[in-house]
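Peer 1: Put together the whole structure using the sequences plus the hints.
As a plain string of letters, each chain reads:
Protein chains: 2
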Amino acid sequence: MNKITTASIAALLLTAATVWAQKPLTLENTVPGGTEFYEHYNYPVRGQFVSNSDVFVVVEPDGYHVGDNLFSRNQIDKALVDNGKQSMSYILGWQNAETTWIYSDKASAAYGINLKNSTITDSITQIDNEGDIDLAPDFRHAAVSVNPDLFVAGNTGNHKVNEQAGDGIVFGQSVHRNEFGIEKGTFWSESGKRLAFYRMDESMVGEYPVVDITAREAALAPIRYPMAGETSHEVKVGIYNVENHDTLYLKTASPVNRYFTNIAWSPDDQFLFVAEINREQNHMWLNQYNAADGSLVNTLFEETSPEWVEPCFAPLFVSNSQFVWISERDGFKHLYLFNIKTLKTKQLTRGNWCVTELYGCNRESGEVFFQANAEGYLTRDIYKVNLKGKMTRLSSGYGVHSAWFSPKYGRFVDNFSAPNYAILSTLCDTRTGAVIDTLKSVRNTYEGYTLPIIKTVSLKSADGRFDLCGRLILPSDFDSTKTYPVIDYMYGGPHSQLVDASWLYGASTWKMYFAQQGYIVFTMDNRGTESRGVEYEHCIHRRLGTCEMEDQMVGINYLRSLPYVDTTRIGIHGWSYGGFMTISMMTNHNTVFKAGVAGGPVCDWRLYEIMYGERYMDMPQENPDGYARNCVADSIGNLRGRLLVIHGDIDPVVVWQNSLRLLQNAVEADVLVDYAVYPQHEHNVIGHDRVHLFKRILQYFDDFLKN
Amino acid sequence: MNKITTASIAALLLTAATVWAQKPLTLENTVPGGTEFYEHYNYPVRGQFVSNSDVFVVVEPDGYHVGDNLFSRNQIDKALVDNGKQSMSYILGWQNAETTWIYSDKASAAYGINLKNSTITDSITQIDNEGDIDLAPDFRHAAVSVNPDLFVAGNTGNHKVNEQAGDGIVFGQSVHRNEFGIEKGTFWSESGKRLAFYRMDESMVGEYPVVDITAREAALAPIRYPMAGETSHEVKVGIYNVENHDTLYLKTASPVNRYFTNIAWSPDDQFLFVAEINREQNHMWLNQYNAADGSLVNTLFEETSPEWVEPCFAPLFVSNSQFVWISERDGFKHLYLFNIKTLKTKQLTRGNWCVTELYGCNRESGEVFFQANAEGYLTRDIYKVNLKGKMTRLSSGYGVHSAWFSPKYGRFVDNFSAPNYAILSTLCDTRTGAVIDTLKSVRNTYEGYTLPIIKTVSLKSADGRFDLCGRLILPSDFDSTKTYPVIDYMYGGPHSQLVDASWLYGASTWKMYFAQQGYIVFTMDNRGTESRGVEYEHCIHRRLGTCEMEDQMVGINYLRSLPYVDTTRIGIHGWSYGGFMTISMMTNHNTVFKAGVAGGPVCDWRLYEIMYGERYMDMPQENPDGYARNCVADSIGNLRGRLLVIHGDIDPVVVWQNSLRLLQNAVEADVLVDYAVYPQHEHNVIGHDRVHLFKRILQYFDDFLKN
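Residue numbers (this note's numbering), protein chains in the order written: chain A, 1 to 707; chain B, 1001 to 1707.
Derived by calculation from the structure, the hints in this document are not laboratory data. A hint or two may mislead.
Stated by the list, open to error - Chain A stretches covered by chain B per the calculated footprint, using a threshold of three residues with CB under 8 Å from any CB of chain B:
1) 213 to 222
2) 644 to 656
3) 671 to 681
4) 694 to 701
Claimed, not checked - Pair by pair, the computed Cβ-Cβ distance ranges are:
5) A:159 x B:1204: 38 to 48 Å
6) A:621 x B:1138: 52 to 62 Å
7) A:672 x B:1130: 32 to 42 Å
8) B:1563 x A:479: 42 to 52 Å
9) A:628 x B:1061: 37 to 47 Å
Keep in mind the model is a prediction, meaning the values are calculated, not measured. Heads up, the beta-carbon is just placed ideally off N, CA and C, and yes, glycines get one too.
Peer 2: Quick look at the structure:
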C-alpha cells in the first residue's frame, strides 16, 4: 500500500476531457447493479477494528491482515473443521488480535477461534440464521431477533426473551419505521449483562395489501403501513437480565401516539435513557429510567420546536454522570455536555455549521470525536472536542471525510473522497490526525475512460439567504456554440445532500453516462435538505414542496440563462421525494419542462406513513390545506409536458396506491401520463434490473426530450 | 314511422367520400362512452313483447306505445302515487296489453299496474334492490338473488330458498364463469310453480388478491379465480317448489370437476334437463331428472369430441316429449329433433353453415325459429324450420339480421344492419316474414360527417381451405400514389367475428377516426373464430395462437403487397385475446411490426381460468408444451418493435398478474415494454374513460408508428 499525502490531491485538476482516454462509459459500468459497475465504485477499505484495541483488521482478497499477521479464510475454515465444526459464513467481530468470532449459517452458531493455535475458545449456539445477530460487547451472548420473537443465545443455548408474540406484535426489531436515527431493536449494556429491546404492537395498524405476483396464483403479502393521520403502532422498551432471565418493561407514559428513541445505557448498567417524543413531534422528553425496576428516575430535560424536534443520536456517555447530546437549540446541530447530577448543560461546539456524525469519546482523555461541515457545507471533516470546548480538526484535504474510530480511541480510519480523488482510506492517529498508513488509494475509478466535464456553480436560494451549489455535467465533447437538452435531476427532501465535495462532486455515475449521450445533467440541493441549520431545513414545515420548488426554479432560471442550454428542451427526473418534486415542478411550472421521469413518487402525503409524514406535514386533519396544495395526484390535470411515472409494485415505502391514484386522476382530468412498473421491486429498482431502469429512463428522454 | 322496403337498401352505395360532408369525426363521437357517441350509435328499436301475445311495446321518449295506446312514464308514476306506492325504477315486463309490471327501487317491490284504469292489480314485495330479479312467467313470483342468498318473493313477502350460504357458497347466480351459454342462475318452470337454481361452492377455489385503491388505505377485494389446472368450484342444481317451499337437489354424479349447463324444464314441470360435461370438456351427457325427487330418469344421449364439446343452447321443447337440440355432430351447428320416449333423433337442418341463435318454437304450428349464416359467413338471417325439416328464410336483404319473437310466435322484430345501412327495425309476420311496420330506420348514423373509405377483400386461410374476409379502412382523402402506415386490429379468439355484413362491415367507429388521422386500419377474422364449422373452429386446440397467427400473417402479406402500404410502418393492436395475439405476432414475427398496443392481454394461459382455458388448452399438466409455446410472457425477449401493454388493475377476467409477469420477464430479458394502467377498471376500460384510452392508443401510434 502506497502512502499518498493529501496535499498532492489538491494539485490534481478535474479536467477529464483533457485526459488521454479511449473507453466509453456504458450503463453496465455506471449504474449500480451493472456487471462492471463495482470495478469503478469508490468504496473505502474493507475492515474493522479489534475489540478493546487500536488494531485495524484489513480485509484483502488473501485474507484478514491483523497487524503483521495474515489469516486466510481457508485457515479459519480449517480451524473450524479440525475442531469438528461447520465452515464459516461471515465474521461477526474480533475479540482480540488473535481471536475472531465467526458465524456459521450451517451450524446456526457462532464460534470464537484463536487463530494462532487453531482452537475454538468459546461458542454461542442455536442462533437462527434467519434473524439479526447482535453480539454482546463481552462476546458471551448474542441477541437474535427471529420475527416475531427475540432470543438471547449463549454457549449453553437460547433463551426466549419475550412472552407471547404474533398477531402484529414483534420483539427486538427496529421500530418507528427507522426514523429518529433508529437502526435496530436491541441494545446491550456495556457489561453485556443487560439487554434493552423494543416491543412493537402493530395490531391496530392498517394493512396495505402488497401482492406477490410470483406465486402460482398471485398471493397477498400485506404490510402494516400506518398512514398519516391514522392509528399508529405502540412501542414499549424492555430490559432483559442475562443472569436471571428476568424481563421488565420501562414504566413510561402511555405508548399510544408516542415515540421512544435514542436508547442509551449508563456505563455502569444502572440506568437506561430514552428520548421520548409526542406524536406531534414538537416535544421531546429525555428520560432516565432505573434498569432494575423500570421506574422513571427523572426527566433530565425537554426540547420543543414550533416545527419539529428530531433527535437522531443517543446520549454518548463520557462518565457515569455526564453525556454528550446533539441539539439544534441554537439553530444548528451542536454538541452539549449534560450532567445527570447537576442537570447542568454546557455547549461544546458552536458556529453556523452542523455536527453531522457522533463517533464516540475517549473517557480517559475526555475527548469527543465527531464529523461536521464546519469547513463549508459541501465538506465533511473529522474533529475532536474536549470537555472544555476546545475543538481540533483531525482530517485534512478539501472534501468529504468519514471515520471509523478504534474502541480505545487511539486510531481512526479516515475515508476521504474529493471532487478529483475517488477514495483514500488512511489509518490516522487520534491525537493529531497524522497519517500512520495508507490503506487504500484510488485516484480515478474511471482511469482510461472518456469522462464528461463536471462543474459547479454557486446560486442564491429564492429567499436570498443561502448559498446553493449547482452541479453541471457537460458532455466530454461539449461545444459552447451549440445548444443542448438539459436533464435536471433532483431529490430535494430532508436528510439529503446530492452535491458535495466528494468524488465528482457526488455525481452518481449514470449521470455521466447520460451526459455522454448528449445531455447536460444538472443537480442542485434546495432548502429543506440536510445539515444547514434550522432556518434552512425547517422552512418546509406543513408545505412540503413549496420552498423546495422556489429554489429549484432558481436552478432552472440559471440553466435558461446559459447560451448553450436549449430552453425548449428542459427535462426533469427524480425518485421518491425527487419523484414527488418532479411531478410538482411539472404541474406547477407546466410550460418549463418538455419531459420528465418520476420514480416511486409520493403523490399524496396522506398516503405516506405517520412518522416521516406528520413530522413535516402534521396530520391531514390538522393541515388539510397543506396536504391539498401539495398533492400532485390532484394537480396532475395541470400537466403539459410528457411525464413517465415509474413504480415498484411491492414498494413498502411509497406504497403503490400513490401512483395508481395519480393515474386514475389523470384519466379523470383527460391528461396522458406514461407509466412503467418494475414488478417485485420495492422502493428502489436494485440489482442488475437497475441497468434496465436507466435504459428505460434514457429511452424516454431520447424519445421525448432530445429532439 | 316511415316504411322502408329492404329492397331500396341494396341500391345504396358505400362511397362515403363522395357524400357531401363537412363535420370531422372526433374521439367523443366515435368511442363508446364519448359524450356524442350515442347520437351516432346504431342501436335497434327499444321495446319488448307483451306476455302471451303478439303485441310489441315500442319505447319512445314520450312513453310506451302499446298498439294504439301511449302510456307515458308520468302516467305510470301517477298511477303508483295515486295508489300510495313509490315511483317506478324500471319496467319488468308486460303482463298484457294494459298491465305492466314495474320495479320500484325505493319500495323494493314490484307492482302490476292496469294502465287503463290506474289500479294496482298485484304486487311482489320485499325484493332487495341489490339483487337480480327474475320474474316468473305467471307474474306471481320473482326469484331474487342477493349475494350469497336466493329468495323467492311473492305478494305476501319473501321466502329464502337456500340453507346456509357464505364461506364461498352462493345461490341463484350464474356459474361456470358464464361459459356454455350460461347467463343466469335461476330457471322458472313454465307454470311458474317451480324454480331451478344453481348452488355454487367456491370455497376450494384460489382467491386472487384484487386491490381497491380508492379506499383511504388500499384495501383487499379478492375474487375467487380458478386457474387452469387448479381446483375448480363445485356446482349443484336445486329445485324450489313455490307451493310447499321445499327445496331438493338433483341427484347428479359428483360435482367435482363437472359442469352443469343448458338447464331446461319440460313444459309440464315434471322433468328438468341438464347437459353435464366432464372437466376435460370432451364428453357431454344430456340427463333427464325427475323434478319431484331429483332422481336421474335417463341419460338421453351423449356427445364426445377429440377436441371439445360446448353446448350453448338449452333443449327447446316443441312438446312434452320432443325437443330441439343444437349439435355440431356433423361438423356444423345444426338443429336436431330429439324424442324423449323413443330416444330417436332427427336432423332438421344441414349444410356447410351454422345455426347461430335459437329463438323459440310455435308448438301449435310445429315451427322452430332460429338465426343462421346460411347465406354466407358474413351474414345472419332469420329462418324457420318445421319438424319435417322444411326450412324457410324469413328475413330479406343482404346483411345481419337478428330477431325478437313474440310469445305467441305470430310476430317478430327483425333488427337489420347492412354495410350501407346502419339499422332498420321492422315488425314482421312469422308466416312469411312480410314487413308489417317499420319501427326504426337510420340509414347513416354519421350523416353529414366525413367518413373514411371502407373496403373488403377476400383472402385464403393459410391452409388454403377457407375464405377469410379482410376489411380495409382508408382515410377519406386516400391517395393511392402515397404510402400509409397500417394498424392491424385483431381479436382472433373463439366466439368472435369482427368483420361481417353489418353497418360499415362491423367496423367499430373509433377505427374510422384513426383512419381519418392518416392510418389504414385493417381487420380480418382468422381460423378459430365463430360459426364456420368444427374444422375451422377446432384447429386451435392445445395451441392457442398458432393457426390464428398463420392466418393473420396472410393478412399482413396482403397488406405488404399493396403499393400504398408503407411496409416499414405496420402497427398492430388488440384487446384481451387480441392483446394476446398482438404480443404473439410481435414476438413471433418480430421484424414485421414497428409498434403495437396490447390491452388486457392473456400473457400465460396458465393464469387464465379453468372453464375457457382448459376447453382450448387442456390442463397445463396435460399440455405443458402447448402452454409453453404460447406463453407470450416467456417469449417477450424476442420483442423488437415498440409495444405498449395496457391493463385494468381490477381486471377479473384476465387478471393483472398476466401483464405484470410479462413486465417482470421483459426486465429479465433486457427488453423495454411500455405500459399503461387504467386504475379501477375491469377487463375493458368503459365509460367516458374509454375516450382517454383511445387518445392514448392514438398517441402511441403517433409517437412510434406514424413517422
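Peer 1: Work down the list of hints and note, for each, if the structure agrees.
Peer 2: Status of the hints after comparison with the structure:
For the region 213 to 222 of chain A, the stated coverage by chain B holds: 8 residues have a C-beta nearer than 8 Å to a C-beta of that chain, and at least 3 were required. Counting residues of the region 644 to 656 of chain A whose C-beta lies closer than 8 Å to any C-beta of chain B gives 3; at least three are required, and the coverage claim holds. Judged by the Cβ-Cβ criterion of 8 Å, the region 671 to 681 of chain A is covered by chain B as claimed, because 8 of its residues qualify and three suffice. Requiring three or more residues with a Cβ within less than 8 Å of a Cβ of chain B, the coverage given for the region 694 to 701 of chain A holds, as 3 such residues are present.
For the pair residue 159 of chain A and residue 1204 of chain B, the supplied restraint of 38 to 48 Å holds, since their beta-carbon distance comes to about 43 Å. For residue 621 of chain A paired with residue 1138 of chain B, a C-beta distance near 58 Å keeps the hint of 52 to 62 Å intact. Separation of residue 672 of chain A from residue 1130 of chain B is about 37 Å and conforms to the stated range, judged on CB atoms against 32 to 42 Å. Distance hint for residue 1563 of chain B and residue 479 of chain A: a CB-CB separation of about 45 Å, consistent with the stated range 42 to 52 Å.
For residue 628 of chain A paired with residue 1061 of chain B, a C-beta distance near 43 Å keeps the hint of 37 to 47 Å intact.
Every hint from the earlier list agrees with this structure, and none is contradicted.
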